[in-house]
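Q: If you want the building blocks of each chain, they are given just below.
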Amino acid sequence: MLEIRNLYASIGEKEILKGVNLHVKAGEVHAIMGPNGSGKSTLANVLAGHPSYTVTSGEVLLEGANLLVMAPENRARAGLFLCFQHPVEVPGVRLDHFMRAGFNAIQKSKGQEEMDVLKFDRFINDKAKLVEMDRSLIRRSVNEGFSGGEKKRNEILQMAVFEPKVSILDEPDSGLDVDALRIVAGAINQMRSPERAIILVTHYQRILDYIVPDVVHVIVGGRIVMSGGKELALEVETRGYDWIERPDEALRAIG
Amino acid sequence: MPKPASTLTQEKRYLAAFASFERNGSAQDPAWAHRLRRAAIARFQSLGFPTARRGNEEWKYTDVGPIARAPFQTPVTPAGVEAGALERFALGKHGWSRLVFVDGAYAEELSSLSTLPPGVRVSNLAEVMAASPDLVEPHLARHADYESNAFTALNTAFLHDGALVHIPDGITVEEPIHLLFLSTSRQETASHPRVLILSGRGSRATIIESYGGPSRGRYFTNAVTEVVVGAGARVEHYNIQQQSEEAFHITTTQVTLGRDSAFSSVNIDLGGSVTRNNLNVLMGEEGCSCTLNGLYLVGGSQHVDNQVIVDHAKPYTTSRELYKGVLNGRSRSVFHGSIVVRKGARKVNANQVDKNLLLSDQAEADTKPAFWIYCDDVKCGHGAACGQIDETALFYLRSRGIGERAARSLLTRAFVSEVIDSIENEPVRAHVDTLVQAKLQEWLGE
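If you're matching them up, the sequences are chains P and V in order. Everything in the first sequence is counted per this note's numbering, starting at 1 for the first residue and increasing by one. Everything in the second sequence is counted per this note's numbering, starting at 256 for the first residue and increasing by one.
Honestly, the hints are just simulated from the structure, not real lab data. Check the hints yourself; a few may be wrong.
Straight-line distance between alpha carbons at most 30 Å, and here's what the computed DSS-like set of lysine-lysine pairs gives [what the hints assert, rightly or not]:
no., chain 1, residue 1, chain 2, residue 2
1, V, K623, P, K151
2, V, K348, V, K315
3, P, K165, P, K108
4, V, K602, P, K108
5, V, K694, V, K598
6, V, K623, V, K602
From just these sequences and the hints, can you work out the full model?
A: The structure is reproduced here in structure tokens:
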């Protein structure tokens, strides 16, 4: 479903991704772990088309289509979704209006019916239940004055609204307490399906207790240095990232 | 060798027009009005237009040379206007009281008055000057200073027709009163609209001034409004400017607030080649408060300058200012906000914000806050910003499938909504919203 081949990307003069390869099939959940500054968030942002990053070589195919030539909105219309690590506050734009604008833009691009205000209201009310989000937030300006946890729930709410084929979740667990984590993880689990793929970027193993990944990758220095099953996350948790940075020892350890 | 005509200022034309106006146009007015006008024209003559040549700080960023040099005519006979020409400027509900002025002259046939509460007067100033001089003489030209401002002097020299709104003590006027000033461009016309608003103790009223003209054409509007708000009274004031983009638009609004009174204004500028608004509020008695908001949308080579002076003369007075601008093309905006806190004016609370959104690299916004504080026990704040659309917000919207143009449009609309939402009167808010959205649609295409 998503194929990343030898991807290099930089911000300004600084090269951050140095040859990332990743193949995610429909129905799979891939976790990407890595220390600070390893390129996790860069990978997420580059896939979504963030204008601050420049792709210097490599390719990314979403269901066979060249993702990297698409504008950010066209990536969303093609079924890609980024759950932001730091969701942006947009004063003056109501969350429900914003979601409906995006939803309808995607529907329109597919030649499908757009939703009127009333219908969309009912639609998001149902989705809001999934993340146990206070409905009054939906009528407020996007993320303005939201707590850290509310912002994360809002991202997952949007994921539920847009029903993307490929979701990239950039640290959806950061800043969440245990209860909020359980709700967010529960909502993400409900969206797992054979038609969808999820890439979950995280610093900590904790969320993987709730969302059990099919594959775990460890990214260090802009490259995926190791991939394995869910047990790899536990190894990282107990041994720390230093251990990965000494690959010979690491490889011996997991046999 | 004589100087080419284009560099000459045209004060003489106004002096000649004044002589003709004194003989024909206003001979019936009371003696005090004649005296006042003569004093004002003399003042204008000695001040001259504040061109760069005579330059001073107040006019540093706005060159009124093109106004001074243009051979504008001040018409003595009113122009006819088809009722249809008013449609573009119609606002509010059927039945609101509306006075219409064409090139400064009262157009009775286009005006209509709804049933107003007893004692409320909404009339042509010229009539009231003759019929009830005791009502207007103590206030007219006593608030808006013509000694130091040439434009106010010029307006005062041609004082005759205008709008008089008088709300007696304790009266609430529910429906807004609309004063519409239209310019024609039958010739390159100068007009000098005048408004006097007297709101008695504990009264309440909403007054809308709107200015407009043909969609093209050069003319000059030089308006002066005086607002006197009595103790405990509340006045909501709107100023909506839709002049031609070749027009010159100069306004002075002088507000004097009584004890515990409240004044709010929303100033909307959409048209005009050169626009300058002077808004001066005298916080003249304890406990009064004002909220002064503004929104300007300029493109092409338009220039808009808002000069707002809030004079906190007394303790326990509160002022709030929020001005926002959206600039396109090679346009330029100036916001010059002064807050004065006089000696002994304790517990003053003043806040001023000016924010500008630049849609083009060639547009320029100058914002200049100035605080003159002569008292310690006060709370004053200000914020100013000039910038382009927030790229992170833009990316966030686009990442949800919203196209770039639509996203820019959405963010621009969000930027202006703060001022539009501050318009308390619903029909006025809807009217302004329609005008602003149409302008943004023209610029942004979504």
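Q: Take the C-alpha atoms of K348 of chain V and K315 of chain V, compute the straight-line distance between them, and say whether it is at most 30 Å.
A: This hinted pair is violated, its Cα atoms lying about 41 Å apart.
Q: Are the Cα positions of K694 of chain V and K598 of chain V separated by 30 Å at most?
A: violated (44 Å)
Q: For a C-alpha distance cap of 30 Å, please report whether K165 of chain P and K108 of chain P respect it.
A: holds (17 Å)
Q: Starting from K623 of chain V, check that the Cα of K602 of chain V is at most 30 Å away, please.
A: Distance ~24 Å between K623 of chain V and K602 of chain V Cα, so the pair holds.
Q: Is K602 of chain V within 30 Å of K108 of chain P, Cα to Cα?
A: Violated: K602 of chain V and K108 of chain P sit about 56 Å apart, past 30 Å.
Q: So if I understand the rule, the pair passes when the alpha-carbon distance is 30 Å or less; does K623 of chain V with K151 of chain P pass?
A: Outside the cut-off at roughly 36 Å; violated.
Hint compliance for this structure: hints 1, 2, 4 and 5 are broken, all remaining hints hold.
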